[in-house]
Amino acid sequence: MARRVRGHAAILGYVCLATAAVWFAPPVGWVSALLLLPLTIVCPGYALVHAVEGRRESGSDALELAVLSLMASFAVAALGGLALYGLGLTLAAKSWSILILLITIASVAVALYRGTDRMKAPRLRLPAPTTLAIVVGACGLLATAGVVAWSSEKRLRHDGLVQQLAATRMRPGAIRVSVRNGETARVARYRVQVRAGNRTTSFELMLRPGESWSGIRHLGHPSRGPVTVRLFPAGASLSADRKVVVW
Amino acid sequence: MTRLTTRGFLLTVVYLGHLMVRAISHQRDGIGRVGSGLVSNWPGAGPRDAVAAAVSAPPQGAPTTTAGGTLCAPCPITLSADQPGVVSEAAVSPRVRVWISAASLRVALLLASCGVLLVSVAYAAGRSGRPWAEVAFWCGDLLVFVPLAIRVLRPGAGRRGIPVLAQAAFQSFVGWMYSPVLFKFPDELQHRRTAEDILQQHTLFHPSAALPISPGFPGLEEITTALISVTHLGVFPAGLIVVGLAHVGLSAAVYLLVKGIAHDDRIAGVAALVFATNPHNAFFNAMFLYEAPALLFMGVALLMATRDRFRASRELPLVVLSIAAVCVTHHVTAAVTALVLLALGVLVSLQGEFRSCGARLLGLGALGAASLTGWVIGVAPMTYAYLSGPVGNVIAGFLREGSVQGKDEIGASVSPTWTATTMVGTGVMAILVTSGCVLAWRRSTRPVLRAFTVLGLAFFAMLGIRVLAANGADLSGRLLTYVYVFAGTAAAVALVALWKPGRGWRAALAVVAITLVFAGNVTSGWPAPYELVPGQFHVDGFESGVDPADTEAARWIANRAPADSTVACDFTLCSLVGGYGTQRALDNVPEVFFAGAVDRSVRTLLAREGIDFVVVDRRMSSQRPVTGNYFEQETPDQLRTARPPLWSLEKFNGLRGVSRIYDNGPIAIYDMRELWGG
Numbered sequence: 000m001a002r003r004v005r006g007h008a009a010i011l012g013y014v015c016l017a018t019a020a021v022w023f024a025p026p027v028g029w030v031s032a033l034l035l036l037p038l039t040i041v042c043p044g045y046a047l048v049h050a051v052e053g054r055r056e057s058g059s060d061a062l063e064l065a066v067l068s069l070m071a072s073f074a075v076a077a078l079g080g081l082a083l084y085g086l087g088l089t090l091a092a093k094s095w096s097i098l099i100l101l102i103t104i105a106s107v108a109v110a111l112y113r114g115t116d117r118m119k120a121p122r123l124r125l126p127a128p129t130t131l132a133i134v135v136g137a138c139g140l141l142a143t144a145g146v147v148a149w150s151s152e153k154r155l156r157h158d159g160l161v162q163q164l165a166a167t168r169m170r171p172g173a174i175r176v177s178v179r180n181g182e183t184a185r186v187a188r189y190r191v192q193v194r195a196g197n198r199t200t201s202f203e204l205m206l207r208p209g210e211s212w213s214g215i216r217h218l219g220h221p222s223r224g225p226v227t228v229r230l231f232p233a234g235a236s237l238s239a240d241r242k243v244v245v246w
Numbered sequence: 000m001t002r003l004t005t006r007g008f009l010l011t012v013v014y015l016g017h018l019m020v021r022a023i024s025h026q027r028d029g030i031g032r033v034g035s036g037l038v039s040n041w042p043g044a045g046p047r048d049a050v051a052a053a054v055s056a057p058p059q060g061a062p063t064t065t066a067g068g069t070l071c072a073p074c075p076i077t078l079s080a081d082q083p084g085v086v087s088e089a090a091v092s093p094r095v096r097v098w099i100s101a102a103s104l105r106v107a108l109l110l111a112s113c114g115v116l117l118v119s120v121a122y123a124a125g126r127s128g129r130p131w132a133e134v135a136f137w138c139g140d141l142l143v144f145v146p147l148a149i150r151v152l153r154p155g156a157g158r159r160g161i162p163v164l165a166q167a168a169f170q171s172f173v174g175w176m177y178s179p180v181l182f183k184f185p186d187e188l189q190h191r192r193t194a195e196d197i198l199q200q201h202t203l204f205h206p207s208a209a210l211p212i213s214p215g216f217p218g219l220e221e222i223t224t225a226l227i228s229v230t231h232l233g234v235f236p237a238g239l240i241v242v243g244l245a246h247v248g249l250s251a252a253v254y255l256l257v258k259g260i261a262h263d264d265r266i267a268g269v270a271a272l273v274f275a276t277n278p279h280n281a282f283f284n285a286m287f288l289y290e291a292p293a294l295l296f297m298g299v300a301l302l303m304a305t306r307d308r309f310r311a312s313r314e315l316p317l318v319v320l321s322i323a324a325v326c327v328t329h330h331v332t333a334a335v336t337a338l339v340l341l342a343l344g345v346l347v348s349l350q351g352e353f354r355s356c357g358a359r360l361l362g363l364g365a366l367g368a369a370s371l372t373g374w375v376i377g378v379a380p381m382t383y384a385y386l387s388g389p390v391g392n393v394i395a396g397f398l399r400e401g402s403v404q405g406k407d408e409i410g411a412s413v414s415p416t417w418t419a420t421t422m423v424g425t426g427v428m429a430i431l432v433t434s435g436c437v438l439a440w441r442r443s444t445r446p447v448l449r450a451f452t453v454l455g456l457a458f459f460a461m462l463g464i465r466v467l468a469a470n471g472a473d474l475s476g477r478l479l480t481y482v483y484v485f486a487g488t489a490a491a492v493a494l495v496a497l498w499k500p501g502r503g504w505r506a507a508l509a510v511v512a513i514t515l516v517f518a519g520n521v522t523s524g525w526p527a528p529y530e531l532v533p534g535q536f537h538v539d540g541f542e543s544g545v546d547p548a549d550t551e552a553a554r555w556i557a558n559r560a561p562a563d564s565t566v567a568c569d570f571t572l573c574s575l576v577g578g579y580g581t582q583r584a585l586d587n588v589p590e591v592f593f594a595g596a597v598d599r600s601v602r603t604l605l606a607r608e609g610i611d612f613v614v615v616d617r618r619m620s621s622q623r624p625v626t627g628n629y630f631e632q633e634t635p636d637q638l639r640t641a642r643p644p645l646w647s648l649e650k651f652n653g654l655r656g657v658s659r660i661y662d663n664g665p666i667a668i669y670d671m672r673e674l675w676g677g
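Sequences listed follow chains A and B, in order. For the first sequence, the positions run 0 to 246 when numbering that gives the first Met the number 0 is used. For the second sequence, the positions run 0 to 677 when numbering that gives the first Met the number 0 is used.
Don't read these hints as lab results, they were simulated from the structure. In this text the structure is predicted, and so the values were computed from the model without any measurement. Each residue gets a CB set at the ideal place from its N, CA and C atoms; glycine is no exception. Hints are all accurate, no fakes.
Below, a sample of chain B positions facing chain A; criterion: calculated Cβ distance under 10 Å: (1) A111; (2) L116; (3) V118; (4) S119; (5) L203; (6) E220; (7) L226; (8) L232; (9) V299; (10) G653; (11) I660; (12) E673.
A few chain B residues that face chain A, going by a derived Cβ cut-off under 8 Å, partial list only: (13) L108; (14) S228; (15) W555.
Away from chain A, derived, C-beta distances all over 10 Å, residues of chain B: (16) F282; (17) V345; (18) R354; (19) V375; (20) V390; (21) A395; (22) N470; (23) G476; (24) L478; (25) R505.
Model the full structure from these sequences, guided by the hints.
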């Protein structure tokens, strides 16, 4: 019985800690994401499955338990969200964590009452060196594949990515101009030319890759005609790269 | 080049199959005549004692019993039930057999990992515009599948769950590598919008202009937003985690399901593998779509409902939970779940098993139907209108024997090699399904297994839909996902019977058959042939139509335009605008783009639809869309037009009252509000 209680206590303990972290601790990037991942996709389903297991001569094997736990965790989210909505609660981190905590507590209580044995964990042993080497090798190949795919996509998305120019009229006599540098890994100098009626002004910008600039340009006097804004690479010929016209 | 590619592909397949078969033959020779005197691994086909021993694979770690009654020590690896210890004394010891089984598993996993890397290289080559990208993709894709398939098919192999899971995991990984940075498929963007709405509004059922029915079935988005809320991940990584786990879980569920009804690990492994080859499984079912978790719910519901030892205290709550979850997640999957349970109940009852099994299945099917009906009536009444179109297409197609508009002609827009591969794969699958069904009825006494193989004959109905119905390719592809659970089981029965120990040529034939099915489903599935490898931009393609220019433009207008404004755009841009913003994206006003001048009809159209912004992709003037349409609906004249001329796309330039507020090179955005007084 002690072993059974220890197993369920471990699950409950993790869920309590994770809930507290969701409520009180600030997120720390990928670390907190990895640590909190089981809260949503493992724990509630795992506890639920053990609650319905009951006392039996042979428990689910590991694969079946994993599949059922995953399904039950997803079902808790899918149906629990409806419960939160029905109760008039917002679907936010705190309400989700409380929901998961309550379901886990209830499931553990039912499991203890029914006398469900803790699932016999697969015997952990060090794999043979050959197996270990092959597993490591396979993981390395997959990681390399992921890096190759990621970097080739990123390069595609940034290789020759266009510059953006946008303008909106703020009020008579003023427009907002926005420029974004989408060029590949180098700082780009641009010249922005603003023409309203007979008046033409220009200024230069230096933008890092991916950097955006936005500013208000006063036209001196309210312009009835269109205001034309052009974007050139600095030092280039008169042919404009980008052009917007605001009435 | 095409001929070379075809020859290279065929040679590669044959050579790989030859290598594998030789390797397996040498292994078998090394362990002696395992096949001699071996009872067929068919329940009910051999001596009763062997059959009794083969009823269930021993659980992992439990002692195994040979047919002679000798207890062997608990084995860390569970032996497959297809060799329940009835082996000749000349065979090698179980310890060595276990080692060989583990060794072949390691080799298969390593080769499959190499295949994943090769696919990754192929994708990188595609993005760099290399001509050999597609050939590399095929080599890699086959390398991912074939070694694992051989490992699962091979008699005497143990732990088939591992290669099944590995294959599903590799499939998900390849799907991620195709688009590793953001969601590109239009349907994914629609669900992204629903998830964003939940995150922003913190409530459900917020109307979505992108896909109005999506908020009515919020299961996927609830799971994803729960994960996002707790872990602070973004929508893209959280969505990937959810659908990736669902994808792998589904393969495991199918494996466990078939193992439970066939009591044969080998049939279960092969069935799960064949299921994984269905045309939409590799990409479509692994995308951020509401089918992904729904299929997992369906798999578990069937798994629990078809249990031999069904108890109200264990299996029933899990079935009810999964049925309830599938009803709130995806309409078609919920309907199929209910229908399948009912059909299984009928088929099992007809075999005289009403009391033991049939009544339960019928009851659960009725529960599923009632749950879905209640949900549709109470929460998602738009489901009827949404599904009536496709269902009507199917019915009309059959009633009119194919005399309908909008049919996808076979081979219309692909190469002859592509079509031939599809046809051969389909033909082989048809043979396997038919023969598997016959074998199951002749040799098996298990009513649920027989019912499964009968349901597998729905494969032929899917072929009918493909040929006869409007939009048949899309409809049949989506429905084949469900049919392949049963067709895969039937095919597995046939493949297992084909590859008996001691017959080398039959082993090769089985490997070739499953490889042809796999290849045929790749060519008939997703991605489409023109975007098999990512990289080349196609105007209004699906994933290939999404590039940095239109992503940036869509994000800009989604963030800057008023939330309730209306944006006119082409197919891809509207998908992006709908996915990133709350604006109403109209992709069915081609006149705005095709018209040569901003005349009265255009102004009337703009005012009638209340179009505030027009997003113009100037590349429409240089490329016809590979999908055939720039917009949702085009007139016959517009369809006949090669490409809209550039001057018609730029007709808004210089027009008084029309501001061109955004320019990123290919894409310009025009503010039309002053033109018609909006």
